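Undergrad: Here are the chains, one letter per residue:
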Amino acid sequence: DPKIIQKPKYLVAVTGSEKILICEQYLGHNAMYWYRQSAKKPLEFMFSYSYQKLMDNQTASSRFQPQSSKKNHLDLQITALKPDDSATYFCASSQEWDINQAPLFGEGTRLSVL
Amino acid sequence: GQGVEQPAKLMSVEGTFARVNCTYSTSGFNGLSWYQQREGQAPVFLSYVVLDGLKDSGHFSTFLSRSNGYSYLLLTELQIKDSASYLCAVRTSSGQKLVFGQGTILKVYL
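Just so you know, the sequences run in chain order A and B.
Every number in our numbering is 245 more than the matching position in the first sequence, counting from 1.
Every number in our numbering is 595 more than the matching position in the second sequence, counting from 1.
Pulled out of the complex, with its shape left as it was, chain A reads as follows (with noise of 0.2 Å):
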């Protein structure tokens, strides 16, 4: 059973509109983050977490805003969206933010914007 938990799968959207994407994770984990990974591009870190706090952000646009409602969820809302948003968006998460730990990664969800 996967521990980290991405919704949708797949989402379609339109230019302009706005999307949830929800990361809940299983593992008692601490720390949290967003990954995008867009077609021949390498994977990008975008936000990190630690109980609930935002630690580090990558993230030039503010059209992108993390929501962590409980320990274990860190969702990303993505606002105005735009054709170049486009991307699997993958979610992590580790024990602790600073410890020399690799982060374990969701199934991701597969963002496509017309």
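In short, the hints are calculated from the structure, not lab data.
There are no misleading hints in this set.
Straight-line C-alpha distance at most 20 Å; calculated SDA-like pairs for lysine to any residue:
id : chain 1 : residue 1 : chain 2 : residue 2
1  : A       : Lys254    : B       : Val639
2  : B       : Lys604    : A       : Ser283
3  : A       : Lys285    : B       : Leu605
4  : A       : Lys286    : B       : Glu600
5  : A       : Lys285    : B       : Ala679
6  : A       : Lys286    : B       : Gln632
7  : A       : Lys285    : B       : Ser680
8  : B       : Lys650    : A       : Gln346
9  : B       : Lys702    : B       : Gly635
10 : A       : Lys285    : B       : Pro602
11 : A       : Lys252    : B       : Gly635
12 : A       : Lys285    : B       : Lys702
13 : A       : Lys252    : A       : Ile265
14 : A       : Lys286    : B       : Gln597
15 : A       : Lys248    : B       : Leu641
16 : B       : Lys650    : A       : Asn345
17 : A       : Lys315    : A       : Met300
18 : A       : Lys254    : B       : Gln636
19 : A       : Lys286    : B       : Ile700
20 : A       : Lys315    : A       : Glu341
21 : A       : Lys285    : B       : Arg633
22 : A       : Lys285    : B       : Gln597
Estimated spans, in silico, between C-beta atoms of each pair:
id : chain 1 : residue 1 : chain 2 : residue 2 : range
23 : A       : Lys316    : B       : Val639    : 22 to 32 Å
24 : B       : Glu609    : A       : Leu272    : 30 to 40 Å
25 : B       : Val639    : A       : Gly273    : 18 to 28 Å
26 : B       : Gly648    : A       : Val259    : 51 to 61 Å
27 : A       : Glu341    : B       : Lys650    : 14 to 24 Å
28 : A       : Asn345    : B       : Asp651    : 12 to 22 Å
29 : A       : Ser262    : B       : Lys676    : 33 to 43 Å
30 : B       : Ile675    : A       : Tyr255    : 27 to 37 Å
31 : A       : Lys248    : B       : Ser652    : 13 to 23 Å
32 : A       : Ser307    : B       : Gly623    : 24 to 34 Å
33 : A       : Thr304    : B       : Tyr665    : 26 to 36 Å
34 : B       : Glu609    : A       : Asn302    : 40 to 50 Å
35 : B       : Leu705    : A       : Glu263    : 44 to 54 Å
Model, not experiment: these values are computed from the prediction.
Note that CB positions come from ideal geometry on N, CA and C, so glycine has one too.
Add chain B to chain A, keeping to what the hints say.
TA: Frame of chain A, contents of chain B only:
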């Protein structure tokens, strides 16, 4: 600037071995991870190294040379199912911000 470089493709024969190279140039270094990723699936963690030398994990082994900014992932006794993309990622500072390479697509053939 920061960069993690990997060859785009690699082909090896079943039953032999494959070495996936990774070179990096980053402003800091707090460890290097290897992930396996199949088409349309999540990256799966394979190995994490922070000290120089070879780390043997059976089917997968990992080498690191920090002074050369170089690592490799060695897969032995290759099977067809090892065909996948292998991602190298460098942790540059505290926290889990990883800088990923493009990935190396390994194809194992008969």
